[in-house]
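Add chain B to chain A, keeping to what the hints say.
There are 2 protein chains.
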Amino acid sequence: MEVKWDARGLVPAIVQDVQTGAVLMLAYMNAEALGLTLKTSEAHFWSRSRQELWHKGATSGNVQRVREVYVDCDADTILLKVDPAGPACHTGEQSCFYRSLTSDE
Amino acid sequence: MEVKWDARGLVPAIVQDVQTGAVLMLAYMNAEALGLTLKTSEAHFWSRSRQELWHKGATSGNVQRVREVYVDCDADTILLKVDPAGPACHTGEQSCFYRSLTSDE
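So the protein lines, in turn, are chains A and B. For the record, in the first sequence the residue sitting at position 95 is 95 according to this note's numbering, with numbers rising by one throughout. For the record, in the second sequence the residue sitting at position 90 is 90 according to this note's numbering, with numbers rising by one throughout.
Source of the hints: derived by calculation from the structure; they are not laboratory data. Beta carbons: idealized from backbone N, C-alpha and C, even for Gly. Any given hint might turn out to be false.
What the hints assert, rightly or not - Cross-link-like lysine to any residue pairs, in silico, SDA-like; alpha carbons within 20 Å at most:
(1) K4(A) to K4(B)
(2) K4(A) to D74(A)
(3) K4(B) to S49(A)
(4) K39(A) to L101(B)
Claimed, not checked - If you want the ones that stay clear, here's a sample from chain A, every Cβ over 10 Å from chain B, calculated:
(5) L26
(6) R50
(7) S60
(8) D74
To be verified - Pairwise CB distance ranges (calculated):
(9) G61(A) to S100(B): 24 to 30 Å
(10) R8(A) to E68(B): 28 to 34 Å
(11) T40(A) to A85(B): 21 to 27 Å
(12) L38(A) to L53(B): 34 to 40 Å
(13) E2(B) to G35(A): 34 to 40 Å
(14) A58(B) to R65(A): 37 to 43 Å
(15) D74(B) to A58(A): 34 to 40 Å
(16) K39(B) to E32(A): 25 to 31 Å
(17) A58(B) to S47(A): 25 to 31 Å
(18) R65(A) to G21(B): 17 to 23 Å
(19) D76(A) to E2(B): 22 to 28 Å
For reference, chain A alone in the conformation it holds in the complex (with noise of 0.2 Å):
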């Protein structure tokens, strides 16, 4: 199936614990990345800020296991379900949505 890359070459992926289905982070892939992810089944991004491949967990330890890898419709947009070895962000919570905006109000 052909991904459509967007002008960078990159597309959203979408990271979902496939035990608890909670939404876990959002990242970028390149063609590298998606192809390393499923050539290895352990999920790999672009860095953008760091413009560098980067194999999550490497350095941490919390890599996610990758279980399914969807593609949307319009097939610009990723979805893998992940067994996450460790939380999945850098702050240490388990996903990166841990700030809700409607309880600002």
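Here is chain B on its own, set in the frame of chain A:
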């Protein structure tokens, strides 16, 4: 809380079914779309293809009642937990992520 809009004034918004946990779609919001989503509790986006504000379900009836809104650790991605009135996808599928990449192999 300050949202970090990209160069186009947009952020990606992940839409998740609050009941089933299914990830339904990914779309983009500008400040107006986020403001209307918070004000009306119905999901609003910015359509990049049509370049216009998009009240999800305004024509199809498949509105998404917004129950919870989260922002991620670096404030550049939104997560909406919604009660969908119907399929999220224009194909009629409940979720836009109905195609597996791994099963291609």
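Hints, verified against the model:
1. K4(A) to K4(B): violated, 25 Å
2. K4(A) to D74(A): holds, 8 Å
3. K4(B) to S49(A): holds, 14 Å
4. K39(A) to L101(B): At roughly 12 Å apart (the allowed maximum being 20 Å), L101(B) and K39(A) satisfy the hint.
5. L26: It is violated; L26(A) is separated from chain B by about 4 Å at its closest Cβ, not greater than 10 Å.
6. R50: For R50(A), whose nearest Cβ neighbour in chain B is about 13 Å away, the distance exceeds 10 Å, so it holds.
7. S60: holds, 14 Å
8. D74: Violated, because the least Cβ-Cβ distance between D74(A) and chain B comes to about 8 Å, which does not exceed 10 Å.
9. G61(A) to S100(B): 24 to 30 Å: Holds: the Cβ-Cβ distance is about 28 Å, inside 24 to 30 Å.
10. R8(A) to E68(B): 28 to 34 Å: Hint holds: Cβ distance 30 Å, inside 28 to 34 Å.
11. T40(A) to A85(B): 21 to 27 Å: violated, 40 Å
12. L38(A) to L53(B): 34 to 40 Å: At 36 Å between Cβs, range holds.
13. E2(B) to G35(A): 34 to 40 Å: holds, 36 Å
14. A58(B) to R65(A): 37 to 43 Å: holds, 40 Å
15. D74(B) to A58(A): 34 to 40 Å: This hint is violated: roughly 20 Å between Cβ atoms.
16. K39(B) to E32(A): 25 to 31 Å: Distance hint for K39(B), E32(A) is violated at roughly 42 Å.
17. A58(B) to S47(A): 25 to 31 Å: violated, 37 Å
18. R65(A) to G21(B): 17 to 23 Å: Since R65(A) and G21(B) have Cβ atoms about 19 Å apart, the given range 17 to 23 Å holds.
19. D76(A) to E2(B): 22 to 28 Å: holds, 27 Å
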